[in-house]
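Participant: Residue strings, one per chain:
2 protein chains.
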Amino acid sequence: MKIDKNKPVILVTNDDGIYATGLRTLIDIMREIGNVLVVAPDKPQSGMGHAVTIISPLRVQKLAEEDGYEEYSCSGTPADCVKLGQKAILGRKPDLIVSGINHGSNSSVNVIYSGTMAAVLEGALENVPSIGFSLNDYSVHADFSKCKPYILSITRNVIGKGLPEYTCLNVNIPSNNGSPIKGIKVVRQAMAFWEEKFDQRMDPQERTYFWLTGVFKNYDTGVDTDEWALHNNYVSVVPVHFDLTSHKTIPLLKDWETGNLN
Amino acid sequence: MKIDKNKPVILVTNDDGIYATGLRTLIDIMREIGNVLVVAPDKPQSGMGHAVTIISPLRVQKLAEEDGYEEYSCSGTPADCVKLGQKAILGRKPDLIVSGINHGSNSSVNVIYSGTMAAVLEGALENVPSIGFSLNDYSVHADFSKCKPYILSITRNVIGKGLPEYTCLNVNIPSNNGSPIKGIKVVRQAMAFWEEKFDQRMDPQERTYFWLTGVFKNYDTGVDTDEWALHNNYVSVVPVHFDLTSHKTIPLLKDWETGNLN
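Sequence order for the protein chains is A and B.
Sequential numbering of the first sequence, starting at 135, is according to the working numbering.
Sequential numbering of the second sequence, starting at 135, is according to the working numbering.
It is possible that some hints are incorrect.
Note: identical chains are not told apart, hence a pair may lie in one copy or across any two.
[Claimed, not checked] Calculated cross-link-like contacts (lysine-lysine; reagent style DSS-like; alpha-carbon spacing at most 25 angstroms):
(1) Lys139 to Lys295
(2) Lys382 to Lys295
(3) Lys282 to Lys141
Quick caveat, the hints were computed from the structure, so don't treat them as lab data.
Just chain A, same shape as in the assembly:
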């Protein structure tokens, strides 16, 4: 694509797929800010976590090209889209990676199941400023347009001030049900969990199968969490990194070290 060098190059992806309303809203917002390359999955990829495609080849299809804009669908996962967009299509690191707007929350522990956030963590691994946006509204009529001023505010902060190295953002926007959003809060990931059950059924051939179901429960009483922010009508911004080490645990296990045991 023909790039306007006065504007940043923004890679846009999602996990709900190339035709999702949330992606279209995010594309429109990003085109107000910069050159935009869209590489998004050709089918919904929710719950794919940080899956990458290594045992089958990837395919891409160009869907649009004009000055400052190109759009591709990709047969892979959100993480694949970010890798392929950078390494095979753009041939350079973008200035910003954004993912979403996800149709549903990615707050709390949902970050580890989320394809939206897997794409964003791929950006962090490349040390490219990256933001995931999710709307905490599962309705088919979810109004993504109300996200715009918050997405613009956060995105302009990231472009103007940068992010610490290898750090990305998990942004969740409340389903405010008509009451006004109160603003933006910078918070931590809540200790909230899925309490899962399996719905056991019998198919017409009398073979058993299971559907995963569950309810989401917040056990975290802190007023500095993403769950608190969302339930109090604030947009939550959680800075996220990919160091999963529990550093405080290391000294507790030092006496487990041994010499050769063979």
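Add chain B to chain A, keeping to what the hints say.
Facilitator: Just chain B now, with coordinates in the frame of chain A:
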């Protein structure tokens, strides 16, 4: 299964699939320690990250049952296997969850792509002590048996002393190429990365496709990392948690907070 109440109940899974040699080695070791329930994917699931199956049903097949032992294959991902094993088969939390022995390393950032470690993080989410074991050897003739004394040592420490709440272990065993393993080190996740490339090809119908390839590079000069341990012939033990918040970044972004923008 008939459970020996004097021994722990251990849930065993992996991401290389029910027929993998590494799983068979791990089952044999765990049967020396406790009652064993195996629920493992019916096909290899490498690179599936923390994928969960929500848009299709799950199926399981019982492959073996005897006193203190049951074995099932499952159509889902490693994360699915842990959820289903606990909630639909066992009907209670196991005393321990182990995953592996993975055929290849899950050190450093591989933790976020790893199906082996997704299963282990599922255990941590349930606050069940959980350990992932991986052998840093990609050879088809990889010798998993040498892992046994280290797996026994670490597993007995976990059963005897427990782990801090919501914390699990990522254990990698070096491919020592004949030289002796020096012992066990408790370390942090290294800042090492995949430098990926896409191999672009043309199919017989003259349509382009891509294969993901890459080399793994360690940029971390610390002598307290899993990569350092493995390259120096130590078994690496990284305590892992699922809080991805970059806590130190929160105060840096506090001036990004706003009030209502709509």
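Participant: Compare the structure with each hint and give your call.
Facilitator: Now the hints, each set against the structure:
no. : hint             : verdict
1   : Lys139 to Lys295 : within (19 angstroms within a copy, 59 angstroms between copies)
2   : Lys382 to Lys295 : between (30 angstroms within a copy, 17 angstroms between copies)
3   : Lys282 to Lys141 : within (19 angstroms within a copy, 57 angstroms between copies)
Going through the hint list in order, the structure satisfies each hint without exception.
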